[in-house]
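With these hints in hand, go ahead and build the complete structure from the sequences.
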Amino acid sequence: MLNNYQSLSIHWNKITGLLPCIIQNFISGEILMHGCMNKKALYLTQKNRIVTFYSRKQEQLWVKGERSGHFLHVLTINTDCDCDVLLILVNSLNMTCHLKRNSCFIGVKTYSTIFFYLDKIVRDKKYLDHNITYTTQLHKQGINKIAQKVGEEAVETLISFLNNNIKDCINESSDLVYHLLVLLHNHNLNFNCLISNLNIRRKND
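Position one of the sequence shown corresponds to residue 414 (this note's numbering), numbered consecutively onward.
In short, the hints are calculated from the structure, not lab data.
Watch out, some of these pointers could steer you wrong.
What the hints assert, rightly or not - Here are the simulated DSS-like pairs of lysine-lysine, each with C-alpha atoms no more than 27 angstroms apart in a straight line:
| no. | residue 1 | residue 2 |
| --- | --- | --- |
| 1 | K427 | K460 |
| 2 | K427 | K452 |
| 3 | K538 | K562 |
| 4 | K533 | K553 |
| 5 | K427 | K470 |
| 6 | K538 | K553 |
| 7 | K538 | K513 |
| 8 | K539 | K553 |
Note that this is a predicted model, so its numbers are computed, not measured.
Below, the structure written as structure tokens:
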């Protein structure tokens, strides 16, 4: 949330009492949408930790997700260097766009975003009873089979590096990471758990 200094530094008068707000997924880094806030919208957003905008068309406040149920849960809020734009990091696993897309911005995918959605796909396929994909079948076979596959892929990855075969190094490493994701989700863990842990280690290093 904004501290007192940041709140007092906001230049509300630059654009008639409204601030443009960029909404970004905290985990994937994906830019989800853009909206505007007035002072009351910002106050409610910080108080309830749910993104609340001001609609210029309707001339009233509106809570993102109040109709769809796809709320944007606020983790942090920051201003830019000129204190006239807000960047809001949110936790969102649902569709943000009214066109039933994750983001209102089409075709913008970073590497971290792609990995985030791979992690989500592996998680979702764990619960698809009638799905015949490899991922779903692997989930159904259980921990022993998944652990076996991780072990096999780890050995194949090591061999590819020892043989200095760059193409195989990339392919086998990709297979290893994929099967490790399946193993994580078998224990209701995810890639974000690793990122959080690595971040803690980095700070303590």
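Consistency of the hints with the structure:
1. K427 with K460: holds, 24 angstroms
2. K427 with K452: With Cα atoms ~13 angstroms apart, K427 and K452 stay inside 27 angstroms; holds.
3. K538 with K562: holds, 17 angstroms
4. K533 with K553: Holds, at about 17 angstroms.
5. K427 with K470: holds, 19 angstroms
6. K538 with K553: holds, 10 angstroms
7. K538 with K513: holds, 20 angstroms
8. K539 with K553: Holds, at roughly 8 angstroms.
Going down the numbered hints, you'll see the structure goes against none, and every one checks out.
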